[in-house]
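Chain order of the listed sequences is D and P. Residue numbering for the first sequence is 141 to 927, as defined by the numbering used here. Residue numbering for the second sequence is 11 to 172, as defined by the numbering used here.
Since the hints were derived computationally from the structure, they do not count as laboratory data. Hints should not be assumed to be uniformly reliable.
[Said to hold, decoys possible] Only some residues are given here: those of chain D computed to face chain P with a beta carbon under 8 angstroms:
| id | residue |
| --- | --- |
| 1 | Val157 |
| 2 | Asp159 |
| 3 | Met339 |
| 4 | Pro389 |
| 5 | Arg527 |
| 6 | Gly830 |
| 7 | Leu845 |
| 8 | Leu847 |
| 9 | Tyr913 |
[What the hints assert, rightly or not] In silico negatives: residues of chain P with every beta carbon more than 10 angstroms from chain D:
| id | residue |
| --- | --- |
| 10 | Val58 |
| 11 | Val66 |
| 12 | Ala70 |
| 13 | Leu75 |
| 14 | Arg84 |
| 15 | Gln102 |
| 16 | Ala132 |
| 17 | Ser133 |
| 18 | Asp136 |
[Stated by the list, open to error] Residues on chain D that point at chain P, a partial pick, calculated with CB under 10 angstroms:
| id | residue |
| --- | --- |
| 19 | Arg661 |
| 20 | Gln810 |
| 21 | Ile811 |
| 22 | Tyr840 |
For clarity, every value in this text was computed on a predicted model and none was experimentally measured. Glycine included, every Cβ here is placed at the ideal spot set by N, Cα and C.
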Amino acid sequence: MTTVEGNRYVGVSVLRVDDPQLLRGGARFVDDLTFPDMMHATIVRSPVAHANVVAVDRAPAQREEGVSLVLGPDECAAATNPLPCVWIAPGQRQTEVPLTSRSVHYVGQPLAIVVGETRASAEDGADAVMLDFEQLPVVTDAEAALAPDAPLLNPDWGTNVCAELEVGDPREEIEDAFASAAYVVRRRLRIQRIAVNPMETRGIVARWDPGTEHLTAWMSTQVPHHARDHLAHALRLRIDQVRVIARPPGGAFGAKDHVYADEILVCLASMRLGRPVKWIEDRVEHLVATFHARDALHDARLALDENGRFVAMHTDIVGNLGGYPSNVGTGPFRISMTMLPGPYRFDRVGGSLRAVLTNTTPTGAYRGFGMQEATWVRERLIDEAARELGVDPTELRLQNMLGPSDLPHTTATYQPYDSGDYPEALRRVANVCRPQGPHREGSVRRGTGIASHVEFTGLGPTKMQKLVGFHLSGYERATVRVEPDGSVTVSSGVMGMGQGIETGLAQLAAEQLGIPIERVRVRLGDTDVAPYSSAGSIASRSMTVGGGAVVRAAEIVREKLVRLAAHHLEAAAEDVELADGTARVRGVPGADVSVAHLAEQAWLNWDIPEDEEPGLEETFTHDPDSISYSYATHGVAVAVDVETGEVRLEGYWVCHDSGVLVNPMICDGQIVGGIAQGVGIALLEGFRYGPDGQPLTTTYLDYLLPLSEDLPTIDIDHLCTPSPFIPGGMKGLGEGGTIPSPAAIGNAVANAVPEIADRIVETPLTPDRLWTYFHEAGLHDADLDDQ
Amino acid sequence: MKAETRMINAVVNGQHRSGEVEVRTPLTDFLRASLGLVGTHVGCEHGVCGACTVLVDGQAVRSCLMLAVQVDGREVETVESLAEDEELSALQQAMHEQHGLQCGFCTAGILMSLTAAERDGASVEDATCDVLGGHVCRCTGYQNIRAAIRQHWASLASNEEA
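Work out the full structure, taking the sequences as your base and the hints as a guide.
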């Protein structure tokens with residue numbers, strides 16, 4: 141365990157409090173919950189990509205043994221309200237989505253629900269539901285959906301464009317800058333469609349109590365209150381009739397950041413049956429039913445002057461929304477534009493977006509949320525500029541990077557970068573990032589690549605969210621309570637999902653109160669207990685905003701403890717110290733009292749100062765003044781086999797700054813885990829459709845996730861520039877591993893094989909893609925040993 | 011259509027357990043639903059991710075690819091058998107100390123595979139490459155799991171020397 145001078149817990153790699161239960165198999169994920177009278181649901185999903193449902197016959201399913209309920213699209217739609225979109229772009233053509241509809245826009249779209257005594261009987265019933273489809277022409281590619289003769293998902297719109305947006309400097313000024321620049325680098329870059337794939341799929345247990353007319357829903361979700369609010373809205377219940385008990389998801393990464401139509405249908409089924417109903421998504425289902433991510437095409441340019449100074453950057457984005465706008469809709473593409481500048485200076489910068497509907501699964505949130513895509517685009521352009529101009533890519537970056545004295549700095553894309561030393565992170569990585577073997581070794585080429593980014597964390601000031609049309613508030617509220625026995629309960633609206641927030645928040649409270657961490661319990665996830673949070677755990681905000689609220693609440697409780705101790709010990713408050721659950725008078729041995737005793741007295745309202753309220757608890761609401769900007773540089777050394785197209789990562793270095801690290805071990809774990817997902821994007825993953833809109837990557841034999849052999853040991857160095865806004869100085873960190881890693885890997889492959897560098901614009905860089913590039917560049921023509 | 015059922019008897023985590031199961035019931039469902047042993051998780055149901063790994067007669071198997079009837083008369087061990095009373099096993103403790111888990115969903119399967127590997131006398135190289143290579147983890151990036159394996163295997167070696 142590392143220690144920080146003077147700190148007992150903050151900055152210390154405390155082992156995680158939830159580990160023992162998880163290791164023993166004692167944790168309870170949603171599928172582990174069972175009730176004696178519980179039934180099982182199966183969702184009937186469209187097998188076709190674009191169609192109208194012309195006939196529904198539930199009768200054959202209703203006759204199946206063990207089936208108790210079959211609700212078709214009409215019954216479900218009549219009984220529910222549509223789900224509102226959450227982040228709405230100006231002029232967005234669709235802002236709510238019915239839970240079911242006879243209009244099918246993608247394979248996997250939920251159409252009906254069957255409930256049976258067992259999962260098997262429900263699945264047998266689902267197979268028996270008769271649906272007749274009038275199939276329509278299909279379009280899966282966003283660019284193709286823009287063509288004048290493209291099939292239209294909503295014919296009355298006359299277009300598949302759902303929203304259009306421009307961000308940054310005025311377009312005319314940007315174009316003037318490009319027109320007069322000495323050098324322009326232009327590329328079409330694509331970030332592929334990703335399926336999020338937490339190891340635990342989605343699921344829900346819904347229990348409607350007909351006597352009390354109350355719904356309890358156990359969910360695998362990042363956002364308990366947000367799910368509750370939307371459940372109530374969709375089911376036409378009062379919010380007080382709904383309780384969500386979130387179980388810590390077995391991974392979420394953004395895919396569980398809202399309540400889905402199918403989950404709401406399970407609740408509806410429970411309401412109809414008056415019995416608990418469970419639904420667990422299976423993996424094949426997850427690959428089409430849980431929202432996808434990324435799927436963006438960028439026509440992007442970087443302009444430089446004759447000295448290599450960045451003059452302008454712009455991207456035209458075609459973003460694939462899928463069959464319907466998701467809860468976040470245009471959000472990721474929008475963030476791609478606002479975070480496009482990264483850590484660099486530009487005279488002019490901006491982007492434009494056309495967000496398009498296609499016959500594919502809707503796209504939503506995934507770790508890195510638009511920043512990974514922006515970093516791919518920007519860092520590839522910078523490396524290509526360096527290569528074409530014959531300058532060192534690290535020097536080109538340093539020349540154009542904002543330095544510490546340039547901050548705070550507000551970009552033309554409205555981002556008020558707060559604090560940090562971007563060039564130092566780059567220098568540290570550049571100093572150590574080296575090929576791990578000879579440049580050429582038989583058919584193997586080695587190279588290195590670097591990428592730098594700035595990261596938007598700690599969503600966010602509520603005022604800002606309102607301004608941009610994001611219908612979630614940004615504050616977090618925390619309650620810190622010292623119980624009558626001196627133990628501590630911390631309640632927060634954020635949610636644990638494997639990221640260790642339970643431990644981190646306990647560390648913050650234990651540090652402030654001087655109480656051993658073993659006596660601190662963090663309670664999350666139950667909407668009847670947790671303070672309201674409309675945003676929950678998304679956008680790298682749990683430790684920043686959630687932690688900030690805990691720090692302030694705990695500070696206030698500590699101040700009261702000190703006053704109570706001073707009163708009890710007849711000392712001055714300035715002379716009271718709190719440590720190990722005891723209050724002592726500095727320099728007076730024997731003058732001490734246990735926190736437990738003080739707490740007991742406080743809750744009894746015995747012998748406490750006249751002007752003090754009874755009890756020992758505080759609720760503090762923290763609405764951050766601004767976004768917190770973390771940053772990093774990643775460097776990677778690759779070995780590329782020109783004969784096979786295989787890319788091996790031989791070394792990986794990170795220099796990262798997200799302010800104060802409450803638990804360095806957990807922070808490093810987040811970075812490494814994030815990098816693994818970036819490696820997946822860079823080399824392995826990609827969800828594909830056939831021309832008829834049929835999913836092609838439907839199992840783990842086709843959709844490849846990173847394994848241990850794909851990940852080298854990662855070397856992490858930290859800088860620490862505390863956040864100026866967050867009590868405690870923490871910035872967000874969860875997404876930083878994923879954001880620059882594909883760009884660093886792409887840059888390394890281009891560096892290793894410069895003959896095909898201009899073609900490194902699209903991920904994943906699979907062996908067959910690279911082999912084709914090598915082949916078309918003539919690299920297989922001569923004897924490889926001669927090259 | 012009513013499914014055919016069979017009575018099965020197995021020794022699960024050292025205890026005699028029996029139950030009547032439909033012949034189509036996967037071993038995962040028997041363990042989790044019939045026996046209440048929910049520590050074994052289901053990640054993919056097609057034998058790739060490894061989260062469902064348990065030991066049958068000491069051998070690591072994908073319980074999602076086995077039928078419950080196949081363990082009739084055999085010995086099954088799940089993650090619940092590893093800790094002694096409330097104390098974590100040495101391997102579990104190593105995972106804890108090395109931060110080898112985040113969400114914990116894939117962890118039980120990895121622990122069982124490594125338990126079989128340890129009993130089989132696998133080398134640390136085999137454990138960190140071949141054995142861990144059969145498991146998908148979406149959270150950790152594997153680095154700390156490898157560190158936990160190295161820590162545990164090193165302690166086995168020093169225990170042997172002692």
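To see whether the hints hold, each was checked on the structure:
{"no.": "1", "hint": "Val157", "in the structure": "violated, 11 angstroms"}
{"no.": "2", "hint": "Asp159", "in the structure": "holds, 5 angstroms"}
{"no.": "3", "hint": "Met339", "in the structure": "holds, 4 angstroms"}
{"no.": "4", "hint": "Pro389", "in the structure": "holds, 7 angstroms"}
{"no.": "5", "hint": "Arg527", "in the structure": "violated, 30 angstroms"}
{"no.": "6", "hint": "Gly830", "in the structure": "violated, 21 angstroms"}
{"no.": "7", "hint": "Leu845", "in the structure": "holds, 5 angstroms"}
{"no.": "8", "hint": "Leu847", "in the structure": "holds, 6 angstroms"}
{"no.": "9", "hint": "Tyr913", "in the structure": "violated, 28 angstroms"}
{"no.": "10", "hint": "Val58", "in the structure": "violated, 4 angstroms"}
{"no.": "11", "hint": "Val66", "in the structure": "holds, 17 angstroms"}
{"no.": "12", "hint": "Ala70", "in the structure": "holds, 16 angstroms"}
{"no.": "13", "hint": "Leu75", "in the structure": "holds, 13 angstroms"}
{"no.": "14", "hint": "Arg84", "in the structure": "holds, 20 angstroms"}
{"no.": "15", "hint": "Gln102", "in the structure": "violated, 4 angstroms"}
{"no.": "16", "hint": "Ala132", "in the structure": "holds, 15 angstroms"}
{"no.": "17", "hint": "Ser133", "in the structure": "holds, 16 angstroms"}
{"no.": "18", "hint": "Asp136", "in the structure": "holds, 13 angstroms"}
{"no.": "19", "hint": "Arg661", "in the structure": "violated, 18 angstroms"}
{"no.": "20", "hint": "Gln810", "in the structure": "holds, 8 angstroms"}
{"no.": "21", "hint": "Ile811", "in the structure": "holds, 8 angstroms"}
{"no.": "22", "hint": "Tyr840", "in the structure": "holds, 4 angstroms"}
Hint check: violations occur at hints 1, 5, 6, 9, 10, 15 and 19; the rest are consistent with the structure.
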